[in-house]
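Chemist: Each protein sequence line maps, in turn, to chains A and B.
The first sequence begins at 0 in numbering that gives the first Met the number 0 and counts up one residue at a time.
The second sequence begins at 0 in numbering that gives the first Met the number 0 and counts up one residue at a time.
Treat the hints with care, as some may be off.
Claimed, not checked - Restraint ranges, calculated between C-beta atoms of paired labels, are given here:
(1) Thr206/B - Phe123/A: 37 to 45 Å
(2) Ala38/A - Val91/B: 40 to 48 Å
(3) Ser58/A - Ser23/B: 37 to 45 Å
To be verified - Selected chain B positions facing chain A (in silico; Cβ < 10 Å):
(4) Thr7
(5) Ile14
(6) Thr21
(7) Ser31
(8) Ile34
(9) Val91
(10) Phe93
(11) Tyr153
(12) Leu156
(13) Ile160
(14) Leu167
What the hints assert, rightly or not - Far from chain A by the CB rule (all over 10 Å, computed), these chain B residues:
(15) Ile179
(16) Arg199
(17) Glu200
Think of the hints as simulated: they come from the structure by calculation, not from any bench.
The structure displayed is predicted, hence computed values, not measured ones.
The beta carbon of each residue, even a glycine, is placed where N, CA and C say it ideally should be.
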Amino acid sequence: MTSLWWHALFPFVLAFAGAPLLLGIIVKTKAFFTGRVGAPLLQPYYDIVKNLSKTSIYSTTTSPIFKLGIVTVLAATCGLLVLLPVGKCGSLISFEGDIILFVMLLAIARFALVLVALDTGSAFEGLGASRELFFSALAEPIILLSLVALCKSGHIFSLSAVCGIHAPHPGGVSLLIGAALFVIVLVENSRIPIDDPTTHLELTMIHEVLILDCSGPDLGLLEYAASIKLWIFSVIVAQVLTPFHAASFLGDLAITLGGMVAVAVTIGIVESSMARLRLTAIPQLLLGAGALAIIALLLVNGAFA
Amino acid sequence: MTTNPINTLIVLSVIITLFMLTTSRILVLVRSAAILGVLLGLFPFFIHHGAFSIHTIVLSSLGIIVKGVVIPMLLFRAIRSATNFRETRPHVGFSLSIVCGILITLISFGIGSKIPPSLFLPSETMISLSICITMCGLFLIMARSTALAQVIGYLVLENGIFTFGVSLPTTQSLLVELGILLDLLVGVFVMGIVIHQIHREFDSISTDALEALRE
């Protein structure tokens, strides 16, 4: 069952090519529920290409940190992709304790994005940055707790425990962690109960307000980085919730991809059926997810045995 | 690990108990208490390894009927007369409540794992669960300001004691458990009347209003 190194290249390349497609699936699902045809599945690609072909306009208050930050966001996000294991394909780089690096790269990407926002000197972006950091500060321990619970259950202290290839996770652990991580998907990718990606009111934005002053290729790169982040989190949730494996690595990849489409459709359904939560209610939701992760950790530790 | 139905029940009970600490809606609180009652009522069926004695069947069905149907109905009637459906000013906020709930869970499972296994005591997990539910019930009574939420806290507390009783290996516990159930029923009955009276006198079911009373 040893995976060849070029097996790991498959999902890596696929992520670069397919990441914006997930956004397209979410938009299509939402269109279906509102009875519209909706934008084409490939619309996110068109948007990114359109943005890349424009020229960037910079505010006079920005410093080189602005440009540096945008590149850092994309680089850190690609770094996450290198660590991400996909079923039997494995990950490009995997080592003992890489979950810490994973969480750290997430934090670096977030830090760079917040610097980009603050560098423009806009009050709205300061507001958005403070919200983004507040919710991420609550989300980060939950990500770590969930990953630790998965590592403990997989008997391996590495991100590859996520796909449960060495030791499949018990059903209860998978469900609890899957639910907790699904909330994290919504938080980290600024989806509806937490943030509305289609809002036009700066006061209610979180992710959109951070990139308000970016234009042209900068905006395109940030949107692309955001779609890769969504891809990464849906890979993790899909793998936690589908602990079974096919015989070949391609079949395994197909199962994970199917799971990811299901995750994207679920996000679309959640977005169609819910309104944004009040800002004060979001910490409650996150703490609830944290409670699920802690119960899963207790379960893994044999507290219920 | 989770193929055992008891473990599934325990995990679900803990999740519902924690959920009760986060909700501000009294109606949701009553429904959750009903679900918790039914879940705990199912325990005796599984705990005695499928050996259905008359004791088990009587105890479980009585527990489920009283806690899942009768008490929620009484509470719904009490709510119907009260206009305030939400806990608006709790003594401890909802976010802090769930943090406390998580701490309570961790502490109770910590205590449970310290207890040496003994013939006369139920399994350590059941002890942990009963400590957890009892303490969460106590916390609800302390942290909420409306009389209804406090009654539900009392209900949850009783559920914890019931869990402890249910897991005892002795069969003499039937009388004790029936006694608890009866006490609870009468308690909720009385509280329903009291809540109605409080509401009629003060236009609110917040117990804080009572603290201002002086002779």
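Chemist: All hints, please: hold or fail.
Modeler: How the hints compare with the structure:
1. Checked against the given bound of 37 to 45 Å, the beta carbons of Thr206/B and Phe123/A, roughly 43 Å apart, stay inside it.
2. In this structure, Ala38/A and Val91/B meet the distance hint of 40 to 48 Å, their C-beta atoms being roughly 46 Å apart.
3. Distance hint check for Ser58/A and Ser23/B: the Cβ-Cβ separation is about 43 Å, which falls inside the suggested range of 37 to 45 Å.
4. Given hint, Thr7/B at the interface with chain A, holds; its Cβ is 7 Å from that chain's nearest Cβ, closer than 10 Å.
5. For the restraint placing Ile14/B at the interface with chain A, the shortest Cβ-Cβ distance is roughly 7 Å, inside the 10 Å limit, so the hint holds.
6. The interface hint given for Thr21/B holds, since its Cβ lies 6 Å from the closest Cβ of chain A, which is under the 10 Å cut-off.
7. Annotation: Ser31/B was flagged as interfacial toward chain A, and the flag is violated, the nearest CB pair being 13 Å apart, outside 10 Å.
8. For Ile34/B, the shortest C-beta to C-beta distance to chain A is roughly 16 Å, which exceeds 10 Å, and the interface hint is violated.
9. A cut of 10 Å between beta carbons decides the hint on Val91/B: the least distance to chain A is about 13 Å, and the hint is violated.
10. A least Cβ separation of about 6 Å between Phe93/B and chain A falls short of the 10 Å threshold, and the interface hint therefore holds.
11. Taken as an interface hint, Tyr153/B does not check out: its beta carbon lies about 23 Å from the nearest beta carbon of chain A, beyond 10 Å.
12. Interface restraint check for Leu156/B: the shortest CB-CB distance to chain A comes to about 20 Å, outside 10 Å, so the restraint is violated.
13. Checking Ile160/B against chain A by beta carbon gives a least distance of about 20 Å; that is not within 10 Å, so the hint is violated.
14. Interface restraint check for Leu167/B: the shortest CB-CB distance to chain A comes to about 19 Å, outside 10 Å, so the restraint is violated.
15. Interface exclusion of Ile179/B from chain A stands, the closest Cβ pair being 25 Å apart, more than 10 Å.
16. Its beta-carbon lying about 33 Å from the closest one in chain A, Arg199/B satisfies the requirement of being farther than 10 Å from that chain.
17. The Cβ of Glu200/B lies farther than 10 Å from every Cβ of chain A, with a closest approach of about 32 Å, so its non-interface assignment holds.
When the structure is compared with the earlier hints, violations turn up for hints 7, 8, 9, 11, 12, 13, 14 and for no others.
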